[in-house]
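> Residue-level listing of the chains:
Protein chains: 2
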Amino acid sequence: MNKKTSLKDIAAHLGVSVALVSYVLNNKAEQARVGKEMAERIKQAAKDLNYQPNLIAKGLKSGRTKTIGLIVADISNPFFANIARVIEDEASKNGYTVIFGSSDEDAQKSMALTETLINRQVDGLIIAPAEHTQEQIENLQNRNIPIVLIDRYFPTLDTSAVYINNFGAAKSAVTHLIENGYSNVGMVTYQNQLFHVSERVRGYKAALEQRGIGFKEEWLIRANYHGAQNELEKHLKNILTGDDAVDALFFSNNSLAVACLKIIHQLGINVPDELGLVSFDGSEAFDFFYAPLTYVKQDISRIGAAAVQLLLKQFTPAHEPEKIEIPATLIVQKSSIRRR
Amino acid sequence: MNKKTSLKDIAAHLGVSVALVSYVLNNKAEQARVGKEMAERIKQAAKDLNYQPNLIAKGLKSGRTKTIGLIVADISNPFFANIARVIEDEASKNGYTVIFGSSDEDAQKSMALTETLINRQVDGLIIAPAEHTQEQIENLQNRNIPIVLIDRYFPTLDTSAVYINNFGAAKSAVTHLIENGYSNVGMVTYQNQLFHVSERVRGYKAALEQRGIGFKEEWLIRANYHGAQNELEKHLKNILTGDDAVDALFFSNNSLAVACLKIIHQLGINVPDELGLVSFDGSEAFDFFYAPLTYVKQDISRIGAAAVQLLLKQFTPAHEPEKIEIPATLIVQKSSIRRR
Chain A
1 MNKKTSLKDI AAHLGVSVAL VSYVLNNKAE QARVGKEMAE RIKQAAKDLN YQPNLIAKGL
61 KSGRTKTIGL IVADISNPFF ANIARVIEDE ASKNGYTVIF GSSDEDAQKS MALTETLINR
121 QVDGLIIAPA EHTQEQIENL QNRNIPIVLI DRYFPTLDTS AVYINNFGAA KSAVTHLIEN
181 GYSNVGMVTY QNQLFHVSER VRGYKAALEQ RGIGFKEEWL IRANYHGAQN ELEKHLKNIL
241 TGDDAVDALF FSNNSLAVAC LKIIHQLGIN VPDELGLVSF DGSEAFDFFY APLTYVKQDI
301 SRIGAAAVQL LLKQFTPAHE PEKIEIPATL IVQKSSIRRR
Chain B
1 MNKKTSLKDI AAHLGVSVAL VSYVLNNKAE QARVGKEMAE RIKQAAKDLN YQPNLIAKGL
61 KSGRTKTIGL IVADISNPFF ANIARVIEDE ASKNGYTVIF GSSDEDAQKS MALTETLINR
121 QVDGLIIAPA EHTQEQIENL QNRNIPIVLI DRYFPTLDTS AVYINNFGAA KSAVTHLIEN
181 GYSNVGMVTY QNQLFHVSER VRGYKAALEQ RGIGFKEEWL IRANYHGAQN ELEKHLKNIL
241 TGDDAVDALF FSNNSLAVAC LKIIHQLGIN VPDELGLVSF DGSEAFDFFY APLTYVKQDI
301 SRIGAAAVQL LLKQFTPAHE PEKIEIPATL IVQKSSIRRR
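For the protein sequence lines, the chains are A and B, in the order given. Once you know that position 269 of the first sequence is 269 in UniProt numbering, the rest is easy, because the numbers rise by one and skip nothing. Once you know that position 68 of the second sequence is 68 in UniProt numbering, the rest is easy, because the numbers rise by one and skip nothing.
FYI, nobody ran anything at the bench for these hints, they're computed from the structure. Since this is a predicted model, take the numbers as computed values, not measurements. Treat the hints loosely; a few may be bogus.
Identical chains share a label here; the pair holds if one copy fits it or two copies do between them.
Here are the computed lysine-lysine pairs in the BS3-like style, where the Cα-Cα straight-line distance is at most 25 Å [what the hints assert, rightly or not]:
hint : residue 1 : residue 2
1    : K109      : K262
2    : K323      : K297
3    : K93       : K109
4    : K234      : K216
5    : K109      : K47
6    : K237      : K216
7    : K43       : K297
8    : K47       : K8
9    : K297      : K262
10   : K234      : K205
11   : K334      : K8
12   : K109      : K8
13   : K237      : K262
14   : K36       : K47
15   : K43       : K216
Let the hints inform the model, and build the full structure from the sequences given.
Next up, the structure:
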């Protein structure tokens with residue numbers, strides 16, 4: 001293990017008192033009393049012996065460590081990997097370092113990570129909360145730990161949060177499909193109770209209803225987050241055949257879209273003529289598909305920057321929780337425009 | 001800021017001594033002396049008041065915080081995002097939490113992150129070192145901080161490291177192109193001095209030489225990591241036209257491959273008939289390109305698992321730095337097999 005150089009080590013090295021070393025290294029020394037030369041010698045010895053000041057202790061005194069903790073739901077999803085990058089850039093501009101972790105959409109892991117980061121004295125947390133973590137978030141609030149939620153939030157909790165209008169974006173996406181001649185629009189989403197997911201489902205259903213299309217329960221695939229590809233394949237085959245077969249699909253996120261796209265491609269189904277597609281969130285993969293995917297684009301740069309700004313606000317004495325809704329855009333590409 | 005509940009608060013709340021509270025909460029109390037009922041009351045009060053033990057102080061005593069720091073070079077690159085996920089899974093299996101940061105291929109940022117994580121008392125670090133960080137790594141070694149390097153390493157430093165044979169993998173990839181009838185093979189890489197990159201360039205040149213193909217300096221594009229897409233486009237147009245035009249390209253990583261693929265696609269160049277392609281590392285995007293890309297596959301699961309295991313070894317009393325080379329595989333797809 002790391003044997004750290006202490007003030008005592010430096011004092012012993014120079015044959016002076018620990019108090020003197022401490023005075024000099026903490027910049028408390030009145031130059032007249034310590035003497036310039038001695039101050040220099042102590043600083044040089046600290047350097048030579050690789051003395052590391054205890055930043056956590058310093059942080060406890062000043063109440064700040066200039067560190068932000070970030071908890072994403074799944075770092076292997078490009079949406080979160082890119083948001084992490086943006087938050088880091090924005091934090092860095094403001095003199096903050098970001099340390100982060102991934103909850104893997106697991107409440108237990110989320111709890112462990114949160115406590116790890118808090119015990120590492122982060123000044124505050126930006127969290128994309130996993131399912132079943134409402135209590136954890138509430139608990140953080142009760143402990144007055146500055147937090148900002150991103151991507152998802154709990155409508156019953158008065159927390160600072162940055163998000164998009166998931167209901168509206170989903171409704172627009174599905175309406176776009178209907179306006180382009182598709183009628184039996186299905187949806188593929190994850191089996192969970194997160195607010196942003198249920199809002200997307202609600203938007204999907206509202207679009208169907210507004211256009212007088214009767215929603216059918218079998219059109220809505222709720223995939224298991226940890227589920228296998230062949231389970232998804234079975235669901236898709238069901239929904240794509242038979243009397244009530246869908247002629248379009250709305251994917252509630254990019255990972256699901258990529259997984260389904262592979263299956264659709266293997267089944268030899270022609271996009272967009274036989275099947276229209278729209279996804280939530282982009283993916284590098286979409287641009288290389290022969291019919292590039294239409295998708296709801298979240299402005300990751302704005303979301304990340306707003307999250308950091310809201311957190312910084314909470315470090316000031318008077319602040320109220322604040323919610324910021326960032327507009328989303330539908331990027332229309334070939335996958336949703338029938339050619340015949 | 002977070003006003004933490006102290007032992008003193010609990011003691012005041014119950015009207016007992018701080019020492020008694022400390023005894024009970026640190027499990028030092030002999031039940032007979034404290035009494036079961038009082039112990040229960042103290043534990044309940046700690047819960048009610050949301051008392052959080054100072055884990056860093058505990059860690060300092062035991063010499064362990066059960067936390068691993070991970071520094072990747074760029075979290076928005078799927079290679080690192082996936083490695084982060086694997087390391088987290090493997091660490092979790094062994095009872096460790098991972099907190100991580102991204103150096104963004106920047107030595108200064110890397111230094112700040114490293115010190116932040118060390119000051120947060122991580123037990124050790126897994127690092128994909130950015131360029132010009134050799135001194136930082138050497139310094140960590142001198143301070144006896146357990147580290148394992150991944151993806152890249154410094155051949156002159158005796159550190160634990162997990163990596164693949166970059167020279168051999170690059171040589172095989174380029175040889176595969178030559179064996180499939182391509183002769184003027186170009187390479188696109190980043191302008192940097194990292195060992196793994198120079199090894200890939202060396203492997204590329206060795207393959208040409210072994211097959212009697214004279215390497216031309218203009219065939220090797222060294223792109224700026226922070227460079228713009230139009231700069232890359234200019235380079236590619238140059239290399240793809242004229243007397244010495246290339247008929248195949250080897251990309252030294254997946255981000256470069258995706259960026260170039262977009263340009264090649266826009267230029268209307270037919271892959272693999274007019275241009276053969278091989279990349280280092282896969283991407284979800286490759287599978288959706290009309291001619292799926294042949295690529296060098298690194299075994300991310302094995303790399304991540306080996307890195308965690310090597311780090312855990314360093315927490316044991318006697319250990320020597322250890323280097324593990326993980327085999328890489330060439331995944332042959334359509335982009336490198338001419339049809340005529």
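> Are the hints correct? Go through all of them and say.
Structure-based check of each hint:
1. Within a single copy, K109 and K262 get their C-alpha atoms no closer than 30 Å, and across copies no closer than 38 Å, so neither meets the 25 Å cut-off.
2. Taking identical chains as interchangeable, the C-alpha atoms of K323 and K297 lie at most 25 Å apart only when both belong to the same chain, with a minimum of 20 Å there against 43 Å between chains.
3. In this assembly of identical chains, K93 and K109 lie within 25 Å of each other by CA distance solely across copies; the values are 12 Å between and 30 Å within a copy.
4. Taking the closest pair of Cα atoms, K234 and K216 come within 25 Å of each other only inside a single copy of the chain (18 Å); across copies the shortest separation is 52 Å, beyond that limit.
5. Taking CA atoms no more than 25 Å apart as the test, K109 paired with K47 passes between copies only; the shortest distance there is 21 Å, against 39 Å inside one copy.
6. For the identical chains of this complex, K237 and K216 are intra-copy neighbours only, at 16 Å inside a copy versus 52 Å across copies, given an alpha-carbon limit of 25 Å.
7. With identical chains, the CA atoms of K43 and K297 are never at most 25 Å apart, being 53 Å at best within one copy and 49 Å at best between copies.
8. Taking CA atoms no more than 25 Å apart as the test, K47 paired with K8 passes inside one copy only; the shortest distance there is 14 Å, against 38 Å between copies.
9. In this assembly of identical chains, the alpha carbons of K297 and K262 lie at most 25 Å apart whether taken from the same copy (21 Å) or from different copies (19 Å).
10. For the identical chains of this complex, K234 and K205 are intra-copy neighbours only, at 23 Å inside a copy versus 48 Å across copies, given an alpha-carbon limit of 25 Å.
11. In this homomeric assembly, K334 and K8 never come within 25 Å of each other (Cα to Cα): the closest approach is 70 Å inside a single copy and 66 Å across copies.
12. Neither within a single protomer nor between protomers do K109 and K8 lie at most 25 Å apart by alpha-carbon distance, with minima of 40 Å and 30 Å respectively.
13. In this homomeric assembly, K237 and K262 come within 25 Å of each other (Cα to Cα) only inside a single copy, at 13 Å, whereas the closest approach across copies is 32 Å.
14. With identical chains, the CA atoms of K36 and K47 are at most 25 Å apart within one copy only, with a shortest distance of 17 Å there and 52 Å across copies.
15. Proximity of K43 to K216 under the C-alpha cut-off of 25 Å is found in neither arrangement, the shortest distances being 74 Å within a copy and 53 Å between copies.
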